[in-house]
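Whenever a hint applies, use it, and build me the whole structure from the sequences.
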Amino acid sequence: MCGIGAIVHSNNNINAMLYEILLNLQHRGQDSCGIITYDKIYEQIYEQKEFGLVENTLLKLKELDGQIGIGHVRYPTHGIVSKNEIQPFYDKAFSGISLVHNGNIVNVEYIRNFLNVHNIQTNSTSDSELILKLFIYILKQKNIIFSELSIGIMGEIVKQIYKICRGSYSIIIMINNFGLIAFRDIYGIRPLVYCHDSEYVVIASETIALPMNSYSNIDNGEVIVVKNNEIFKHKIYNYSPCPCLFEYIYFARPESYINDVLVYEFREKLAEKLLTILERSDLDLNDIDCVIPIPQTGLITAVAIGQLLKKPIKQAVVKNRYTHRTFINADREKIINNIKKIRIIQKLVFNKNVLVVDDSIVRGNTSKYIISELRRCGVNKIFFVSCCPPIQNPNMYGIAIPSYNELIAHNKTEEEVRKALNVDRLFYIDLNALCTTLTELNPNLKHFETSVFTGIYITESHIP
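The opening position of the sequence shown corresponds to residue 0 in numbering that gives the first Met the number 0, with each subsequent residue numbered one higher.
Everything labelled a hint here was simulated from the structure, so no lab data went into it.
Mixed in with the good hints there might be a few duds.
Computed list of lysine-lysine pairs in DSS-like fashion (alpha-carbon distance at most 30 Å, straight line) [said to hold, decoys possible]: (1) 48 - 268; (2) 48 - 61; (3) 340 - 48; (4) 139 - 226.
Restraint ranges, calculated between C-beta atoms of paired labels, are given here [said to hold, decoys possible]: (5) 403 - 431: 21 to 27 Å; (6) 41 - 140: 27 to 33 Å; (7) 401 - 275: 30 to 36 Å; (8) 227 - 41: 15 to 21 Å; (9) 39 - 431: 51 to 57 Å; (10) 83 - 374: 32 to 38 Å; (11) 342 - 45: 41 to 47 Å; (12) 345 - 12: 50 to 56 Å; (13) 410 - 431: 57 to 63 Å; (14) 379 - 16: 49 to 55 Å; (15) 12 - 431: 37 to 43 Å; (16) 41 - 405: 48 to 54 Å; (17) 120 - 39: 56 to 62 Å.
Heads up, the beta-carbon is just placed ideally off N, CA and C, and yes, glycines get one too.
What follows is the structure, encoded as structure tokens:
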């Protein structure tokens, strides 16, 4: 999971707009950021790549001129940590081609071997660079000159990429002096949207990054080409969308629409399903003194549950707003360091029975720390609610959950997880209720990427 964005503007220098797009996608990746712009007037490339947050590029932002640009914020799921891994990736072919990618390619070795056979070298361990090299290879096989590049040819290339690349990918490609090409994988596992007015076109991972309220989805199996501020769309495959549930549970900002579902509304509506689970249990709801949200992604659901239960909502768990998100850190040491920046307001929980609401329980590191701190602050009983089902399997599609042994729920019953967390009661939402909530908000969403819960991955038989 990363954040990607691009812009074409007919009149203005786009560096400030592109910076703002990436700033609004910062929650999707905090390891590094990168921007490439192109000035058509002077035929000049400008590039800025830095480790850390988008604001690290601010001092050098004024050096990035141009009317077309592309950017990326990185959340690493594999590969080494070096500047060679920071996107966008760039190649001098065809007047200059840049690429940004959100997702994860699962048949990396096949593609790498394919490129090696054709003596195509790469400079990183990134699967995203492989897609760029593959795109250029297929383009060169067309035996055309730059002036013959066309929208139809771009569609043909993307169709070949669909046939070769397995996994999740939302991709934006910038070709200098031509325009932008954007597409999602045939299942639409990761989101991609755009907006368009008379002066510019913006493409981004989430609607929150767009400079206007109206937007259009780039559908799964669809390619759009932006040329001279005009948009051309071509549907290549018409599979039912199969988005990742974690986009709604954790990754996306609540202001964003993901596949036409407002994330805020989804998280709020989950409270109804969770209340049903609580009511059907043998827990006496009168024993709950207050509801405690775990910031930030558990907040909306917790508030809604508190209102339904008519219980006070106490924001007793406070996280330093200047620290990174813990779940998206793949490095255990970074996770632990960030967890320690969570604090409890003791006066709000002392001698209380608390209903703690969190978005998920993945590794259990954050949950265990918060629970231990609540115990240390004299809480009486802890009833813990997870807004997603038990996570028991690795993820292949862009989330840093590479192995079974790091998952607290793998090969454990809910009772075993409860004991491991040291809570008095543990409640998970069930998968059917989670999926039903999204279908109620958008009836066109009927299938979802659920592999971390079920162990069932999108199979090769579904690939065209």
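- Query: Which earlier hints can't be squared with this structure?
  - Reply: When the structure is compared with the hints, numbers 1, 10, 13, 15 and 17 turn out to be violated.
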